[in-house]
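Protein chains in written order, with this note's numbering: chain A, 248 to 987; chain B, 5 to 408.
Honestly, the hints are just simulated from the structure, not real lab data.
Hints are supplied without guarantee of correctness; some may be wrong.
Said to hold, decoys possible - Pairs of lysine-lysine residues, derived as PhoX-like cross-links and limited to a Cα-Cα distance of at most 20 Å, are as follows:
#1 A:K373 with A:K358
#2 A:K365 with A:K341
#3 B:K111 with A:K250
#4 A:K404 with A:K467
#5 B:K339 with A:K250
Note that the coordinates shown come from a computational prediction; the quantities given were computed from them, not determined experimentally.
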Amino acid sequence: MSKGTTVRMRRRSLIVLGFLVFFGFPVLALRLITLQLFQGDFLQQMASEQQLADTKTSAMRGSIYDRNMKPLAQSATVWNVVLEPAYINSEEKKEIICTGLSEILDIPLEKLRELSKKNSCYTVIKRKIDSTTKNKIIEFKNNHKISNGIRLIEDFKRFYPYGKFAAPLIGFTGADSQGLSGIEAYYEKILKGEPGRIVTARNAIGTEMPFDYEQIMPSKPGQNLKLSIDETIQRIMEKTVEEGIINNQVKNRGAAIAMDVKTGEILGMAVKGDFDPNEPFKIADPEEEARIEKLPEEQKAKEKSEALSKQWRNKAVSDTYYPGSVFKMVTASMGLELDVVNEQSTFTCNGSIQPVKGAQTISCHETRGHGTQNFVESLCHSCNPAFIMLGQRIGVENFFNFYKLFGFHNKTDIDLPGESNDIFFNKDGKMNLTDLAVASIGQNFGITPIQMITAAATIANGGNLVQPHVVKEILDENGNIVKTIDPVIKRKVISEKTSRRVIDMLHKNATDGAARNAYIPGYRVAGKTGTAEKIGLSEPGQKDYISSFCGFAPADDPKIVMLVFFDTPKGKNYYGSAVAAPVFTKAMQDILPYMGIEKIYTEQEREKLGNKTPNTIGKSIGEAKNMAVKAELKPVVIGSGETVLSQIPSPSEQVVQGGTIVLYTDNESKSKTVKVPKLTGLSLFEVNKTSHAANLNVKLSGQNLTESNVLSSTQSIPEGTEVPPGTSITVGFIHKDRIT
Amino acid sequence: MIGIKIKKHTEKHTGKKPKKRKLNKENFRFFSKIFSIKSGIDIPFLFLVMTILVIGLVMMFSASYPNAYYLHNGDSFHFIKSQLVFAVLGVIAMMAISCVDYHYFQKWVIPILITSFVLLILVLLMPARNGVHRWIQFGTFGFQASEITKFAIVVSFAHFITLNFNRMHTFKYGILPYLIILAPTILLLALEPHISCCVIVVLLAAGMLFIGGVKLKWFGMVLGAIGSALLYLVLFTNKLTYANNRISGWLDPFSPASGVDTWQTKQGLYAIGSGGLLGLGLGNSREKYLFLPEPQNDFIFSVVCEELGFVGAVVILILFALLVWRGMIISMKAKDKFGSLLGIGLTAQVGLQVILNIAVVTNTIPNTGISLPFFSYGGTSLLMLLAQMGIILSISRTSRMEKS
Chain A
248 MSKGTTVRMR RRSLIVLGFL VFFGFPVLAL RLITLQLFQG DFLQQMASEQ QLADTKTSAM
308 RGSIYDRNMK PLAQSATVWN VVLEPAYINS EEKKEIICTG LSEILDIPLE KLRELSKKNS
368 CYTVIKRKID STTKNKIIEF KNNHKISNGI RLIEDFKRFY PYGKFAAPLI GFTGADSQGL
428 SGIEAYYEKI LKGEPGRIVT ARNAIGTEMP FDYEQIMPSK PGQNLKLSID ETIQRIMEKT
488 VEEGIINNQV KNRGAAIAMD VKTGEILGMA VKGDFDPNEP FKIADPEEEA RIEKLPEEQK
548 AKEKSEALSK QWRNKAVSDT YYPGSVFKMV TASMGLELDV VNEQSTFTCN GSIQPVKGAQ
608 TISCHETRGH GTQNFVESLC HSCNPAFIML GQRIGVENFF NFYKLFGFHN KTDIDLPGES
668 NDIFFNKDGK MNLTDLAVAS IGQNFGITPI QMITAAATIA NGGNLVQPHV VKEILDENGN
728 IVKTIDPVIK RKVISEKTSR RVIDMLHKNA TDGAARNAYI PGYRVAGKTG TAEKIGLSEP
788 GQKDYISSFC GFAPADDPKI VMLVFFDTPK GKNYYGSAVA APVFTKAMQD ILPYMGIEKI
848 YTEQEREKLG NKTPNTIGKS IGEAKNMAVK AELKPVVIGS GETVLSQIPS PSEQVVQGGT
908 IVLYTDNESK SKTVKVPKLT GLSLFEVNKT SHAANLNVKL SGQNLTESNV LSSTQSIPEG
968 TEVPPGTSIT VGFIHKDRIT
Chain B
5 MIGIKIKKHT EKHTGKKPKK RKLNKENFRF FSKIFSIKSG IDIPFLFLVM TILVIGLVMM
65 FSASYPNAYY LHNGDSFHFI KSQLVFAVLG VIAMMAISCV DYHYFQKWVI PILITSFVLL
125 ILVLLMPARN GVHRWIQFGT FGFQASEITK FAIVVSFAHF ITLNFNRMHT FKYGILPYLI
185 ILAPTILLLA LEPHISCCVI VVLLAAGMLF IGGVKLKWFG MVLGAIGSAL LYLVLFTNKL
245 TYANNRISGW LDPFSPASGV DTWQTKQGLY AIGSGGLLGL GLGNSREKYL FLPEPQNDFI
305 FSVVCEELGF VGAVVILILF ALLVWRGMII SMKAKDKFGS LLGIGLTAQV GLQVILNIAV
365 VTNTIPNTGI SLPFFSYGGT SLLMLLAQMG IILSISRTSR MEKS
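Just chain A, with the same shape it has in the complex (with noise of 0.2 Å):
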């Protein structure tokens, strides 16, 4: 028996070496082939998906800035506090960190017992908590020694640092942060950012494993928005439509937009009867609060998101409306671009008008009828009977074919969710004469706001239909300009010619024709009021309208069209002219010198003005009483010395002739004042009179005031006011004739 190997030995040794080498490793290979070349891709996907489906964290939303990068939303820094009672190791602690919280949030006791008897690693208690309840919990587990058990994850809460404010435009964010309207709900993606994640370690049964274990993945900030909306610009517009919505009584809101007529940015959007975006889901209106607060339960929640979604709704854009007259300047810009019409063109208005035999005649707001007129003159008038006729000319083929060219047809593509789409008689244009003849004036079709201001500014460039855009850049966290939105000009609607002739008319309308009401000195307003039936959409019985001006100034060269509508005034006046038209006028006063436009004056303006006054200071009384009266002022001598050490006016300001002077010759004297009397409802005679005898001066507001037609409106200081006498009250006026 031979020690060393045998042959069969040798033999099953191969075998054996063989099934391990040639089979169970090639078994093994194979194995690896399938798992990571052919399956590699659905497993990696089932592993990031566990993987990655945690915990997202937030990303700190962009910022909205207006043009001159003043904040109109933030997002701020907050904490969400997260227990997590699987890493409370001792039932004692638990106590201590549930009785510390329960005082710290105002969160029941009971019930942060009953989450921290839950094995979880990630349980939210409260959300978005400020910073100086943050630190009371740091503080909190620092006294404790408590290093596991709660954890504050950061977040971010929207705030509107001028909170009602252009809040329809802007809108607002939800409890994620997510936009839920207007501009935070359009550039939603840009705005958002990407967020970040916690991976926590989970087993097959999807609870997080006790395990201490976390990967954070930080996340990537929005990008900021620049609009091309003025804070200044938005805050005159939103205070005088508010104005206007309680002088008139307006029961459905009241909006106003202000565009650049060349690149069609929106410089103001107004939209009132509004929110609060810092807490969009509260009624702003109190007393619809409390008439909603009243009701049974069930009504209650409908009618409540009834009101709520009726404050978010940006009227401006996502409502349709009757133009009404405005329209006119449209119907006009066919006429003269078809060459059916021209300024000495003639039409006779006999009070009404029946566009067809047998069917139902229109009538005009002059039911005497403006007798033979010429076109301008027409235009003036507003008159319905001349601008139907002027239709019939146009005919239909061509007054669809305008409408479709001036944008009426489709959207205008403002970067703002919701646009509304208009609706015309006919999807495909079709209409009979009534319709045409309902169109030529502007009724019975609904476009929305923002489709004719960005008309009207087509009108005012020289011919342009532009795309109105509210955003002007994106920026990105650092500032660093991302995209810049260029000005968009979609075509050429009317020419050059055509654009400046019946510029020149609506110049000559808001100087001495039906919008006279928006006349400015020195600013050369062009412009069309409008006032429209609601036909078919007023309550049963009832006659409601809608009352609007659009116009736009320097006429020689046009730079900011505004478009000013209130939906269903009660007031005194429903006209455009009397409702619309001033408004338009007390925002564009502030916003045209704002905006840097230089006044000219005519010589007739000129006149107006009245005179300056002179330098008394220093002088005798006597010396100082002759400059007065050589300057046609009442001079008013108020205390005992003998030279005049201060006078009001201040030297070398603008009184109206006839105005007060008044001279103190003392340095005590100076504090007396006079009240401020009503100044409002008068004719100008009475104005004049009562600020004379009150010793006031008054500055006359309103284009060709003349006694028989004028009512005064407003003053700039209100009835009561201590002042001290001299003083200057604007006063504005509006035409008492029936103007659409």
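With chain A held as given, fit chain B onto it using these hints.
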């Protein structure tokens, strides 16, 4: 002969600078002696062992540091520190044992067997870990009883087969002694329970008896009986619900029946799949971040696949295959039957463990706890493994083969 070559080389050097190099020369002689005893150790085998060991340590560190960091107070080196210590001790042990004549173990066969049985009984009295009794714990020092068992089976079978080589075809000498050793071993292992070790022990025993010359009919009968008994237990009784669940989880790891935990298998597959062709790069495994439970242990190969990709995994498979190949060649050319059988048994043990471990990780067979030699964390296990490699090296000194 490499030993001689080195000697010549050193003489050349020392001839030039005799005084300065005297100490070094003695040191060198000592080390070169280790390599050159008898006909010298097999350098390719030693090279393969060391290569796999180094790769294994690197991968063990990579796989273990998230767990170490999160579960051991931020000490990322928790596992690798202890593993490195045992690796160094293991290499020293390997080299020392390679100098020992392997026939020495023949004298110790009975004590080794008795130790194995004592430990297998003792382990049942130890507190359970994860519901199984596998670990013998003395303070911080602990090891699996089955490590000794596997070695005991290999050594004793090699010894008894050598003794009765010419009577291996009979039942009395060819089957009975082995059944007497094997049956209680399997019973004790099943009580732990430690099914994977049962499988390895049975396969090792079968392989050695097969090579030892058992008639194929006996071989087939016994193997068949054990196989069908196991199958019966798994399929028709609740006694091995533990294993039963593993089988149902094996068939459908992604949507397991309720109560069947396939988390580890699933995570292993995710890791392997995520690796793709070239892997995520060394250190970049995502699954090791606590998704894969104990990635440094049995499922370390899935982390290897994830980080090194298909290419890296195949390279490691080839290294293991070469190791098995070389070990078998050494053993087949051993100068006597005992050396041959001992070497084959030890080599096959490594090969089987590698194949079964990777088969488990790739869900080729049902999940069962088998560690990957040289890779998985476990100090005593690594020490034991390297010592066994030392025995193979010792065999290689007498082996009739080219060692250059």
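Restraint status (C-alpha distance of B:K111 to A:K250 at most 20 Å): At roughly 17 Å apart (the allowed maximum being 20 Å), A:K250 and B:K111 satisfy the hint.
Pair hint outcome, A:K373 versus A:K358 [Cα-Cα no greater than 20 Å]: Distance of about 12 Å is within 20 Å: holds.
Given pair status - A:K250, B:K339, alpha carbons within 20 Å: With Cα atoms ~8 Å apart, B:K339 and A:K250 stay inside 20 Å; holds.
Agreement of A:K365 and A:K341 with the hint, judged by alpha carbon distance not exceeding 20 Å: Judged against 20 Å, a Cα distance of about 12 Å means the pair holds.
Pairwise hint evaluation, A:K467 against A:K404, where the allowed Cα distance is 20 Å at most: It holds: about 16 Å lies between the C-alpha atoms, which stays within 20 Å.
In this structure, none of the earlier numbered hints is contradicted; all agree with it.
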